[in-house]
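Novice: Residue numbers (this note's numbering), protein chains in the order written: chain A, 1 to 395; chain B, 1 to 164; chain C, 1 to 386.
If you are wondering where the hints come from, they were derived from the structure by calculation, not from laboratory data.
Even for Gly, the Cβ is constructed at its ideal location relative to N, Cα and C.
It is possible that part of the hints are untrue.
[Said to hold, decoys possible] Quick list of the computed label-pair ranges, beta carbon to beta carbon:
| # | chain 1 | residue 1 | chain 2 | residue 2 | range |
| --- | --- | --- | --- | --- | --- |
| 1 | C | A163 | A | N64 | 27 to 37 Å |
| 2 | A | Y333 | C | D192 | 37 to 47 Å |
| 3 | C | P300 | A | L309 | 54 to 64 Å |
| 4 | C | P180 | A | I314 | 40 to 50 Å |
| 5 | A | L99 | C | G46 | 22 to 32 Å |
| 6 | A | L99 | C | E224 | 49 to 59 Å |
| 7 | C | G46 | A | R60 | 31 to 41 Å |
| 8 | A | V35 | C | D192 | 50 to 60 Å |
| 9 | A | A138 | C | S62 | 54 to 64 Å |
| 10 | C | K209 | B | R130 | 37 to 47 Å |
| 11 | C | P181 | B | R130 | 45 to 55 Å |
| 12 | A | V35 | C | D203 | 40 to 50 Å |
| 13 | C | G302 | A | N64 | 46 to 56 Å |
[As the list claims (entries may be wrong)] Cross-link-like lysine-lysine pairs, in silico, PhoX-like; alpha carbons within 25 Å at most:
| # | chain 1 | residue 1 | chain 2 | residue 2 |
| --- | --- | --- | --- | --- |
| 14 | C | K360 | C | K43 |
| 15 | A | K154 | C | K43 |
| 16 | C | K69 | C | K311 |
| 17 | B | K144 | C | K311 |
| 18 | C | K69 | B | K144 |
| 19 | C | K43 | B | K105 |
| 20 | B | K144 | C | K65 |
| 21 | C | K108 | C | K297 |
| 22 | C | K100 | C | K69 |
[What the hints assert, rightly or not] Not close to chain C: a few residues of chain B, all C-beta gaps over 10 Å, as computed:
| # | residue |
| --- | --- |
| 23 | D2 |
| 24 | F14 |
| 25 | R92 |
| 26 | T99 |
| 27 | G139 |
| 28 | E150 |
| 29 | Y152 |
| 30 | T157 |
| 31 | E160 |
| 32 | S161 |
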Amino acid sequence: MQSFLDSLIAQGYFAGVPTEVVYAGGMVVFGLIVVLGFILNVAGVTTFVERRVWARIHSRVGPNRVGPQGILQWLVDGIKLLMKEDIVPAEADPRLFRLAPYVVVMGFVTTFVVIPFSSALVIADMNVGVLYLTAVTALVVVGILMAGWASNNKWSLIGGIRSAAQIVSYEIPAGLSIFPIVLITGTLSFQSIIQQQGWAPHTWFVFHSPFTFVAFFILFTSALAEGNRTPFDLPEAESELVAGFVTEYSGARYLFFFLVEWGNLYVIGALVSALFLGGWQVPPVTDNLVVLNVLQFVTFFVKSYFWVLVSMWIRATLPRVRVDQLMTTCWKYLVPISFINLIGQAALMVALPHGSRLLQAAMTLLGAAILAYFFYRVVFHLRRARPELTFSPLS
Amino acid sequence: MDAAAIYERLKARFGDQVGDCHLQTLDPFIMVQPSTIEEVGRFLKSEPDLSFDCLTNESGVDGKAQGVIQIVYHLYSYRHRHGIVLKVETPRDYPVVRTVEHVWKGANWLEREIYDLLGVTFEGHVDLRRLLMPEDWVGYPLRKDFVEPEEYHGISTRRESLLK
Amino acid sequence: MSLAGYEIEVERTPGTGLSTEEMTLNMGPQHPSTHGVLRFVVKADGEVMIEAIPDVGYLHRSIEKIAEKVGYHGFMPYTDRVDYVAAMFCNHGWGMVCEKLAGIDVPKRGEYCRVIADEFNRIASHLLSVGTMTLDIGATTPFFHAIREREKINDLLEELCGARLTYNYMRIGGVAWDLPPGYAEKCLAFLDQYEPLIDEYNDLITGNKIYVERVADVAVISAEDAINYNLVGPNLRASGVDFDLRRDMPYSVYPELEFEVPVGRGEEGTVGDCFDRYIVRIREIKESIRILRQCFKQIPDGPVIAKVPRKFKPPAGDAHIRIESARGDMGWYAVSDGTEFPYRCHVRTGSFTAMSIIDKISRGLMLADLVAVIASLDIVAPEVDR
Chain A
1 MQSFLDSLIA QGYFAGVPTE VVYAGGMVVF GLIVVLGFIL NVAGVTTFVE RRVWARIHSR
61 VGPNRVGPQG ILQWLVDGIK LLMKEDIVPA EADPRLFRLA PYVVVMGFVT TFVVIPFSSA
121 LVIADMNVGV LYLTAVTALV VVGILMAGWA SNNKWSLIGG IRSAAQIVSY EIPAGLSIFP
181 IVLITGTLSF QSIIQQQGWA PHTWFVFHSP FTFVAFFILF TSALAEGNRT PFDLPEAESE
241 LVAGFVTEYS GARYLFFFLV EWGNLYVIGA LVSALFLGGW QVPPVTDNLV VLNVLQFVTF
301 FVKSYFWVLV SMWIRATLPR VRVDQLMTTC WKYLVPISFI NLIGQAALMV ALPHGSRLLQ
361 AAMTLLGAAI LAYFFYRVVF HLRRARPELT FSPLS
Chain B
1 MDAAAIYERL KARFGDQVGD CHLQTLDPFI MVQPSTIEEV GRFLKSEPDL SFDCLTNESG
61 VDGKAQGVIQ IVYHLYSYRH RHGIVLKVET PRDYPVVRTV EHVWKGANWL EREIYDLLGV
121 TFEGHVDLRR LLMPEDWVGY PLRKDFVEPE EYHGISTRRE SLLK
Chain C
1 MSLAGYEIEV ERTPGTGLST EEMTLNMGPQ HPSTHGVLRF VVKADGEVMI EAIPDVGYLH
61 RSIEKIAEKV GYHGFMPYTD RVDYVAAMFC NHGWGMVCEK LAGIDVPKRG EYCRVIADEF
121 NRIASHLLSV GTMTLDIGAT TPFFHAIRER EKINDLLEEL CGARLTYNYM RIGGVAWDLP
181 PGYAEKCLAF LDQYEPLIDE YNDLITGNKI YVERVADVAV ISAEDAINYN LVGPNLRASG
241 VDFDLRRDMP YSVYPELEFE VPVGRGEEGT VGDCFDRYIV RIREIKESIR ILRQCFKQIP
301 DGPVIAKVPR KFKPPAGDAH IRIESARGDM GWYAVSDGTE FPYRCHVRTG SFTAMSIIDK
361 ISRGLMLADL VAVIASLDIV APEVDR
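Looking at chain A on its own, in the form it has when it is part of the complex (with noise of 0.2 Å):
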């Protein structure tokens, strides 16, 4: 984005204006073109794909009467919460009440800056992208501490109060699962971890070497701890907490956190693809500038979707775990073996400091393998299943 500013200027728009607030400019108006025409849209219609994913799972139809196949429903009920009566329970802390969603909020949509969409579309290619990422999720506990505190209700303290050990505890098997491929990179900036890797699948970080491919799965699963899904949506338990935090909250301020946790979904589907599978890149197929970033933001929207549908899938099969359990997951096993992760993973650069096509080839295969008998179980289940299918989504 700074280069296309760049040549703006260089074809004189922006005379008088100093560079910087030429780019402050740009940053701003790019922002809120992020905001409002993607990151919205996108959480919103997420919220319409998981019932009816959800739906497909347990073999029923889901929401279909809102517009064609039931397209415009989440805009529906966005409008609908949007015009709800807002209410503020009478002993709760007005001011942490109400400020509450705006930080959640906050946390969310400041990960957008560094998300980088194609090469040359991302708001700030900062060259601490990653570290930034990390610390400005960490806002949404804040947030949910408030919510749950604010609200004087003991089951939503509860909830908040799960919510801020579990997305504190998970940081750390995320954050150490990050750190191989700023080993194998030595950059944290987003856009040069992805130009490293490339179209294939053999050259994406993933089947780089063993740890890397291990890292891939810890990463996945603690940023879905960290986002409050299930298994690990605790917070949030319907049955147990009636609805935890968000208890006591209605209307736009609901909107406000359910947003958010579905946008999430986008960002942790977003922050895996490019660390791990590739990001935007796609072969050499056209030099025109235009079509070629058309083609990535496709890509990149394509690999990060794929994981949203995952997390989705995951929440409508297992169960939730239990509080002492989710921190035994974390403390026991994930952060453990991050670490031997970590250390393996340095050792092997130290031993092979150009990488290693063996390893590579090796890894690629395994995942190809895992991926067939993923789908040869697929096709057995289906011969062997007796209630008749339907495999249009569309029904």
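Given chain A, put chains B and C in place with the hints provided.
Specialist: Quick look at chains B and C alone, frame taken from chain A:
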């Protein structure tokens, strides 16, 4: 063991404190004094060849005409697969019965329900308070002479007849 | 509803000047997972519970007193509401106790119709129970599978007696209507379709490690405790006590039917934990299917109801019967004074006794476990309060 044999054992052990045995009814039952029901229960539970380890049901019956409240205990033994019925009669205006909660824990809630709905006090019960009705309810609903109060906390219980 | 008697205790850590309080939480009458209007006052130290005191009575409808007003015949629809999830058993129980009082024999075909209705209702009730248990633990999919099969059973029962939930199908002396024509084929088709699906649905949740970790070794009830607290039905069998009224104190046509009684074996944890209570119910569904197939093969022709006078006046006396309902044995006790209105009618249900044990087994459990315990004991509010 059948009811007659059980009655013989009880008579041998407790003598006068065990009342008559009615063998001709649909469920043969044995009358027991209200103050000794706990010892009788403990004996029935601990004797190896009786071993009535379960109190299946405990009901209260308001016998207004006779001026007594009857508590009916249905006992069952999982070990020997036999059952017996004990009945206790206590005067209606001062109903006090010894609790069997220390013998069979299942009696805890059953006796609370009888206290709540019929007003029988169980001596020795650890936690005798109302179970189904609210704590500040007045009266014992299952009694034959219970008259529903006109209102409860300002909510009226009278309603115009819909037939007008 | 007051918190009188549930005071908060303040515990002072010696030496530090810090004080910790127990939290008194209210898992109130309105809650997504208490299976009806039940209220628990939970004293918790953070996540770990110290006590969970049940407070019941929100659904008390004085059904027993109503019996004294409406008479023997008129009470039959009210019995459905004693446990609306497994209403056929309540009907059957009231029918049995009135027949015992008056010495009436139900014709064979009537008994078979009763057993068919009972066993279908047992399957439906167990499906709802395991479905909501998995939903409370967090897995949303098995609930939909269970409800879908239950809908098919509801359709079959609706064809039989016109209602999906509160059936009022049985009468004193038999059942109200005979099986409709073509009913046996429909039912057998459903059973053929459903039986292999049980294992398929089980694959999703029963072996799932997260699920097993949530329910195994949680709230273990030993056999002596279960008998002492008068737990019945699947709860009792899960604690290792091999007792089923249908086999050990048989009534109706059960002596002519062959079936096994699943008992908890402690496969994934200890005998008597929540997992055992769950798996015993799933196995009971399979046994019910077996019973149903035998019933449809063996059902004779004939009348379905005995001749019972309009003004039903059993001789004075009292009678007590036990029937194996979905939630355990239901003890019906009726006292008659020779008129057409019962003098006293008392029912002791399986959920009532299960509620009384919750306070004891919930010491030291976590809040999430309380939900699992209530769900595994299969407590429904109308049975507790009547």
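Novice: Does the hinted range 27 to 37 Å hold for A163/C and N64/A at CB?
Specialist: holds, 31 Å
Novice: Could you see if the CB distance from G46/C to R60/A stays within 31 to 41 Å?
Specialist: holds, 39 Å
Novice: According to the definition I'm using, a residue is off the interface if its beta carbon is farther than 10 Å from all beta carbons of the partner; does G139/B meet that for chain C?
Specialist: Given a closest Cβ separation of 12 Å, the condition holds.
Novice: Could you say whether the range 54 to 64 Å given as a hint is met by the Cβ separation of A138/A and S62/C?
Specialist: Cβ of A138/A to Cβ of S62/C: about 56 Å, so the range 54 to 64 Å holds.
Novice: Test the statement that S161/B is away from the interface with chain C: the closest C-beta pair must be farther apart than 10 Å.
Specialist: Its Cβ never comes within 10 Å of chain C, the nearest being 17 Å, so this holds.
Novice: Quick one, are K144/B and K65/C close enough, alpha carbons at most 25 Å?
Specialist: Measuring from Cα to Cα gives roughly 9 Å; hence the hint holds.
Novice: With a cut-off of 25 Å on the C-alpha distance, tell me whether K144/B and K311/C pass.
Specialist: holds, 22 Å
Novice: For a C-alpha distance cap of 25 Å, please report whether K43/C and K105/B respect it.
Specialist: holds, 22 Å
Novice: Does the Cβ pair L99/A, G46/C satisfy 22 to 32 Å?
Specialist: Cβ of L99/A to Cβ of G46/C: about 26 Å, so the range 22 to 32 Å holds.
Novice: If you draw a straight line from the CA of K154/A to the CA of K43/C, is it 25 Å or shorter?
Specialist: Measuring from Cα to Cα gives roughly 12 Å; hence the hint holds.
Novice: Has the hinted range 37 to 47 Å been met by the Cβ atoms of K209/C and R130/B?
Specialist: At roughly 44 Å between Cβ atoms, R130/B and K209/C fall inside 37 to 47 Å, so the hint holds.
Novice: Go ahead and decide if the range 40 to 50 Å is satisfied by the Cβ distance of V35/A to D203/C.
Specialist: holds, 44 Å
The structure fails none of the hints (numbered hints given earlier).
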